[in-house]
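Fit chains S, Z and L to the supplied structure of chain C, relying on the hints for placement.
Below are the chains, spelled out letter by letter.
There are 4 protein chains.
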Amino acid sequence: MTVHRHYTLTISCPDRAGIIAAVSSFIAQHGGFIVEASYHTELEAQRFFMRQEIRADSLPFEADELRRRFAPLAQEFDMSWQLADSAVKKRLVVLVSKQDHCLDDLLHRWRSGELLVDIPCVISNHQDLRSFVEWHGIPFIHVDMTDKAAAFDRIAALFEQHRGDTMVLARFMQILPPMLCQRFPGRIVNIHHSFLPSFVGARPYHQAYLRGVKLIGATCHYVTDELDAGPIIEQDTVRIDHGDTVDDLVRYGRDIEKTVLARGLRYHVEDRVLICGNKTIVFR
Amino acid sequence: MTVHRHYTLTISCPDRAGIIAAVSSFIAQHGGFIVEASYHTELEAQRFFMRQEIRADSLPFEADELRRRFAPLAQEFDMSWQLADSAVKKRLVVLVSKQDHCLDDLLHRWRSGELLVDIPCVISNHQDLRSFVEWHGIPFIHVDMTDKAAAFDRIAALFEQHRGDTMVLARFMQILPPMLCQRFPGRIVNIHHSFLPSFVGARPYHQAYLRGVKLIGATCHYVTDELDAGPIIEQDTVRIDHGDTVDDLVRYGRDIEKTVLARGLRYHVEDRVLICGNKTIVFR
Amino acid sequence: MTVHRHYTLTISCPDRAGIIAAVSSFIAQHGGFIVEASYHTELEAQRFFMRQEIRADSLPFEADELRRRFAPLAQEFDMSWQLADSAVKKRLVVLVSKQDHCLDDLLHRWRSGELLVDIPCVISNHQDLRSFVEWHGIPFIHVDMTDKAAAFDRIAALFEQHRGDTMVLARFMQILPPMLCQRFPGRIVNIHHSFLPSFVGARPYHQAYLRGVKLIGATCHYVTDELDAGPIIEQDTVRIDHGDTVDDLVRYGRDIEKTVLARGLRYHVEDRVLICGNKTIVFR
Amino acid sequence: MTVHRHYTLTISCPDRAGIIAAVSSFIAQHGGFIVEASYHTELEAQRFFMRQEIRADSLPFEADELRRRFAPLAQEFDMSWQLADSAVKKRLVVLVSKQDHCLDDLLHRWRSGELLVDIPCVISNHQDLRSFVEWHGIPFIHVDMTDKAAAFDRIAALFEQHRGDTMVLARFMQILPPMLCQRFPGRIVNIHHSFLPSFVGARPYHQAYLRGVKLIGATCHYVTDELDAGPIIEQDTVRIDHGDTVDDLVRYGRDIEKTVLARGLRYHVEDRVLICGNKTIVFR
Numbered sequence: 001m002t003v004h005r006h007y008t009l010t011i012s013c014p015d016r017a018g019i020i021a022a023v024s025s026f027i028a029q030h031g032g033f034i035v036e037a038s039y040h041t042e043l044e045a046q047r048f049f050m051r052q053e054i055r056a057d058s059l060p061f062e063a064d065e066l067r068r069r070f071a072p073l074a075q076e077f078d079m080s081w082q083l084a085d086s087a088v089k090k091r092l093v094v095l096v097s098k099q100d101h102c103l104d105d106l107l108h109r110w111r112s113g114e115l116l117v118d119i120p121c122v123i124s125n126h127q128d129l130r131s132f133v134e135w136h137g138i139p140f141i142h143v144d145m146t147d148k149a150a151a152f153d154r155i156a157a158l159f160e161q162h163r164g165d166t167m168v169l170a171r172f173m174q175i176l177p178p179m180l181c182q183r184f185p186g187r188i189v190n191i192h193h194s195f196l197p198s199f200v201g202a203r204p205y206h207q208a209y210l211r212g213v214k215l216i217g218a219t220c221h222y223v224t225d226e227l228d229a230g231p232i233i234e235q236d237t238v239r240i241d242h243g244d245t246v247d248d249l250v251r252y253g254r255d256i257e258k259t260v261l262a263r264g265l266r267y268h269v270e271d272r273v274l275i276c277g278n279k280t281i282v283f284r
Numbered sequence: 001m002t003v004h005r006h007y008t009l010t011i012s013c014p015d016r017a018g019i020i021a022a023v024s025s026f027i028a029q030h031g032g033f034i035v036e037a038s039y040h041t042e043l044e045a046q047r048f049f050m051r052q053e054i055r056a057d058s059l060p061f062e063a064d065e066l067r068r069r070f071a072p073l074a075q076e077f078d079m080s081w082q083l084a085d086s087a088v089k090k091r092l093v094v095l096v097s098k099q100d101h102c103l104d105d106l107l108h109r110w111r112s113g114e115l116l117v118d119i120p121c122v123i124s125n126h127q128d129l130r131s132f133v134e135w136h137g138i139p140f141i142h143v144d145m146t147d148k149a150a151a152f153d154r155i156a157a158l159f160e161q162h163r164g165d166t167m168v169l170a171r172f173m174q175i176l177p178p179m180l181c182q183r184f185p186g187r188i189v190n191i192h193h194s195f196l197p198s199f200v201g202a203r204p205y206h207q208a209y210l211r212g213v214k215l216i217g218a219t220c221h222y223v224t225d226e227l228d229a230g231p232i233i234e235q236d237t238v239r240i241d242h243g244d245t246v247d248d249l250v251r252y253g254r255d256i257e258k259t260v261l262a263r264g265l266r267y268h269v270e271d272r273v274l275i276c277g278n279k280t281i282v283f284r
Numbered sequence: 001m002t003v004h005r006h007y008t009l010t011i012s013c014p015d016r017a018g019i020i021a022a023v024s025s026f027i028a029q030h031g032g033f034i035v036e037a038s039y040h041t042e043l044e045a046q047r048f049f050m051r052q053e054i055r056a057d058s059l060p061f062e063a064d065e066l067r068r069r070f071a072p073l074a075q076e077f078d079m080s081w082q083l084a085d086s087a088v089k090k091r092l093v094v095l096v097s098k099q100d101h102c103l104d105d106l107l108h109r110w111r112s113g114e115l116l117v118d119i120p121c122v123i124s125n126h127q128d129l130r131s132f133v134e135w136h137g138i139p140f141i142h143v144d145m146t147d148k149a150a151a152f153d154r155i156a157a158l159f160e161q162h163r164g165d166t167m168v169l170a171r172f173m174q175i176l177p178p179m180l181c182q183r184f185p186g187r188i189v190n191i192h193h194s195f196l197p198s199f200v201g202a203r204p205y206h207q208a209y210l211r212g213v214k215l216i217g218a219t220c221h222y223v224t225d226e227l228d229a230g231p232i233i234e235q236d237t238v239r240i241d242h243g244d245t246v247d248d249l250v251r252y253g254r255d256i257e258k259t260v261l262a263r264g265l266r267y268h269v270e271d272r273v274l275i276c277g278n279k280t281i282v283f284r
Numbered sequence: 001m002t003v004h005r006h007y008t009l010t011i012s013c014p015d016r017a018g019i020i021a022a023v024s025s026f027i028a029q030h031g032g033f034i035v036e037a038s039y040h041t042e043l044e045a046q047r048f049f050m051r052q053e054i055r056a057d058s059l060p061f062e063a064d065e066l067r068r069r070f071a072p073l074a075q076e077f078d079m080s081w082q083l084a085d086s087a088v089k090k091r092l093v094v095l096v097s098k099q100d101h102c103l104d105d106l107l108h109r110w111r112s113g114e115l116l117v118d119i120p121c122v123i124s125n126h127q128d129l130r131s132f133v134e135w136h137g138i139p140f141i142h143v144d145m146t147d148k149a150a151a152f153d154r155i156a157a158l159f160e161q162h163r164g165d166t167m168v169l170a171r172f173m174q175i176l177p178p179m180l181c182q183r184f185p186g187r188i189v190n191i192h193h194s195f196l197p198s199f200v201g202a203r204p205y206h207q208a209y210l211r212g213v214k215l216i217g218a219t220c221h222y223v224t225d226e227l228d229a230g231p232i233i234e235q236d237t238v239r240i241d242h243g244d245t246v247d248d249l250v251r252y253g254r255d256i257e258k259t260v261l262a263r264g265l266r267y268h269v270e271d272r273v274l275i276c277g278n279k280t281i282v283f284r
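Residue numbers (the UniProt record's numbering), protein chains in the order written: chain C, 1 to 284; chain S, 1 to 284; chain Z, 1 to 284; chain L, 1 to 284.
Just chain C, with the same shape it has in the complex (with noise of 0.2 angstroms):
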């Protein structure tokens, strides 16, 4: 747990020689003092990674002179990077349906705070957990999906105006259409109930039954416009058997999918995870 502000300077650029060094030093020479380093090559994709985090009281200025001063080296690297200030939280826009489990969860850790970020707003398809999101001083707002096309353009809608940096589709239970995924890449983070690529689409827990699998599983991943096969930030599964019933394996499903969840969007909050094609790196 970080607790002085900090700042964090996440990098992917071509593979070559010197890029710690050049960065490590550009830091070093204005003071900065790293509190976290993380490096990753993927080596079919040639491509480097890379995530620092630096304590914000070690430099002379603020973010933006930081910025201004590393985009000369950036743009000689090749670089795609952003630095993100752990003084600006992130905005989360949370999308449910009527299960609670995961939005519990959520909300449990943003009021206790654990996940340091903002919740303009809950989105959902039914009225059932507006009392709940009320409770927590959050604004719960109803889309009625009697037409798909024109509820998701007001979903889409109401996440730029509440200036969302991600949408969570927290047990949504609905499918988002193309245009949707391809608006806001890396943004929309999503729980399937299935350890994909198990079990993909509709009633993972029944296809897990009939199957006989000893293990199920929860997938966190971004949405991409090709369903469940997006990216894969966090995944995990739990021991069941021959006594548990579907009933028993949703059960089991609701703790880890929980759990598989909030592990994912921690990480992607704190500029843990790159993508790089259709994988991810996630520095822990």
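Please note that the accuracy of each hint is not assured.
Note that the list lumps identical chains together, so a pair holds whenever it fits in one copy or between two copies.
Simulated pairs of lysine to any residue, SDA-like, Cα-Cα distance not exceeding 25 angstroms [as the list claims (entries may be wrong)]: (1) Lys-89 to Pro-60; (2) Lys-89 to Val-250; (3) Lys-98 to Arg-266; (4) Lys-279 to Asp-244; (5) Lys-148 to Gln-99; (6) Lys-98 to Ala-28; (7) Lys-279 to Tyr-252; (8) Lys-279 to Glu-36; (9) Lys-89 to Tyr-252; (10) Lys-148 to Cys-276; (11) Lys-98 to Phe-132; (12) Lys-90 to Gly-243; (13) Lys-279 to Asp-241; (14) Lys-89 to Arg-47; (15) Lys-98 to Asp-153; (16) Lys-90 to Asp-247; (17) Lys-89 to Asp-247; (18) Lys-89 to Arg-263.
Hints in this document: simulated from the structure, not taken from any laboratory.
Chains S, Z and L only, in chain C's frame:
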């Protein structure tokens, strides 16, 4: 760990009230002492499954007499059943290729007395593991695979000639022909190096690497004529991350393959696995 | 998940041959349909333990009549036993301090219908969680701890006045006096934030950090008059590493505490836990 | 799995800004290509820890020249450091008693090329494992323990005579005298058959059984002169239940002991473990 000689009675029959009472009264009436008892009803199939371990020395007669006396009750309830005697070791015929991690693991459990079976021979399509197998005093039989049909006929013949109860594919790396699979239903145990149903077929670790999963797994299952689709006995998973190459996955995989195969085989050998359609009941 | 009303018969008695036969014959003779049956012999104690779920609608009479008819058999075998009716919900009185992760988890499971109990009140030595509890429509009772002896007398009185079956210490952070522990044996369930017997007492995450362990854990146990030494119901662990601070351990710990408490409580509430000396038999 | 020859540079020094920059610039200035890099600051100790793998063929000189050139920088930052060459295999001297599950596991990993070390000899206080060790072409040395002091002197002498880098206690079942522990700090690796700090000393599975824990574990640690209290490298746990006897615990334990020892040894051999007081930093 059972130290005393015991009989293991496994039963499958149409579900109805009174089965447990009938069977346990039968055993009690002969003074039989039940060491372990497990029950399960498969709701969809409306079948009842049962496993009981009875101390041999608590009964006034031998296994054959017990079988003779139990037969009428079994008929009354329309049972599929069998009675195994712990004094009669199961005979495992093990098939391997070049990789020896599962074989090493099995032979260690065998020679240390943990896996109470006889291994009449090890069959391989390569010569590499001859010395290791023969050091254990176990015959090693090489089968040339140039003519696949002839090779599998020979394997089937060797299995029967050595009075094998179970054929264990300990990373055999050859697909068995349907004829062979159908000939020994519920008697061929395979270890597949993925968490089925994900990554069926060849090079599962490579498939897993390309999909970017965050856990890999292994599956111990009965072989049927549909590739990697037979009833699952045991599975497990292990965490990987973006830093792991395919070679790392293979290395992690070896550990989980041998553990999952060992557990699955143990359940099988101790008559803890009952098959219901394409699923297993595992009375651990 | 059991959907039909059922009776749960739990038995503990000196071990001997014929117990299963006697009990299952008794049930069968009244047409009782056994949904789930589990047995265990504790070798050192030479005691036999048994749990059976019987469908209520398969019997021609109610729970009280079943109890009356079963009593002679129970006496014959010198049984400690009880018969629970799934239609009569257990009453949990929950004690908390300021931390709400376990409480949030329990109340979510309760309001979603996963945890089938009544919660007549939540008792706390702080006011912080009043609003959250009252939003659920559950009375929140503040107990001042200035005079500890008086406070615990009041807690005991409140527990009895609300006809509590089980007192749940959901991170209550107060050590119960021996008098209270002895008064409700097997009825007070605590969640301790370490993998017992490691790190008994205060600040277990701090102790774990100093020792440099690579996993931390949580333990759900019955409270006895010896601190953190009562019979263990459930435990689990989670991996940490050198990069994790004490605050990180506390954060990981919260997730495992709530999961372990939820599992332990579920076993307890479903009468799956039988106590034998300082150990538990948990018929999962 | 690293395929190319590489140098592993491990560093520990007082924490301050600019260390990463200084070291990575030094490497970059000689064209060094960093394959893997890890950093950690131990806050209480105010020490910085670092590990870098550099491809050997990216540098214009050999390991000794690299060491010579790095020395002034190391002195400037007051570093404890070492540079390992992957072409120079570590030499493990393995000590065993009668139980061979850890030995079997290590020798399999060694002969399959997974564990890249030399094993100059195996030392034992029993003759049981001679044949198995010698089948591998490894000298087996029996040491009589009648005179313990003399025996441990001989073990120390054998270790030095065989130029051992690390002494591995693979279930050696003898307590090393403090003299020996102090003579080879950070160079003796033990596997203890419990989840330390629970169940220190003799018969940990028996202790675990009596306490009624629901998980058992194993711990790989450096040996110090305080019994079972040295820096922990790796730990893991496995679930047990009330039906498991002490013999079952021993059996489950064997699997976890060999896995934990193998992982811990791998980290040690790859110079991934740095010691800080009584804790370890493990750069996995």
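Structure-based check of each hint:
| no. | hint | result |
| --- | --- | --- |
| 1 | Lys-89 to Pro-60 | within (22 angstroms within a copy, 47 angstroms between copies) |
| 2 | Lys-89 to Val-250 | between (33 angstroms within a copy, 22 angstroms between copies) |
| 3 | Lys-98 to Arg-266 | both (23 angstroms within a copy, 24 angstroms between copies) |
| 4 | Lys-279 to Asp-244 | between (33 angstroms within a copy, 13 angstroms between copies) |
| 5 | Lys-148 to Gln-99 | within (20 angstroms within a copy, 42 angstroms between copies) |
| 6 | Lys-98 to Ala-28 | neither (51 angstroms within a copy, 43 angstroms between copies) |
| 7 | Lys-279 to Tyr-252 | between (27 angstroms within a copy, 20 angstroms between copies) |
| 8 | Lys-279 to Glu-36 | both (23 angstroms within a copy, 19 angstroms between copies) |
| 9 | Lys-89 to Tyr-252 | between (32 angstroms within a copy, 22 angstroms between copies) |
| 10 | Lys-148 to Cys-276 | neither (31 angstroms within a copy, 43 angstroms between copies) |
| 11 | Lys-98 to Phe-132 | both (12 angstroms within a copy, 20 angstroms between copies) |
| 12 | Lys-90 to Gly-243 | between (43 angstroms within a copy, 24 angstroms between copies) |
| 13 | Lys-279 to Asp-241 | between (31 angstroms within a copy, 11 angstroms between copies) |
| 14 | Lys-89 to Arg-47 | neither (29 angstroms within a copy, 31 angstroms between copies) |
| 15 | Lys-98 to Asp-153 | within (21 angstroms within a copy, 42 angstroms between copies) |
| 16 | Lys-90 to Asp-247 | between (36 angstroms within a copy, 22 angstroms between copies) |
| 17 | Lys-89 to Asp-247 | between (38 angstroms within a copy, 20 angstroms between copies) |
| 18 | Lys-89 to Arg-263 | within (17 angstroms within a copy, 34 angstroms between copies) |
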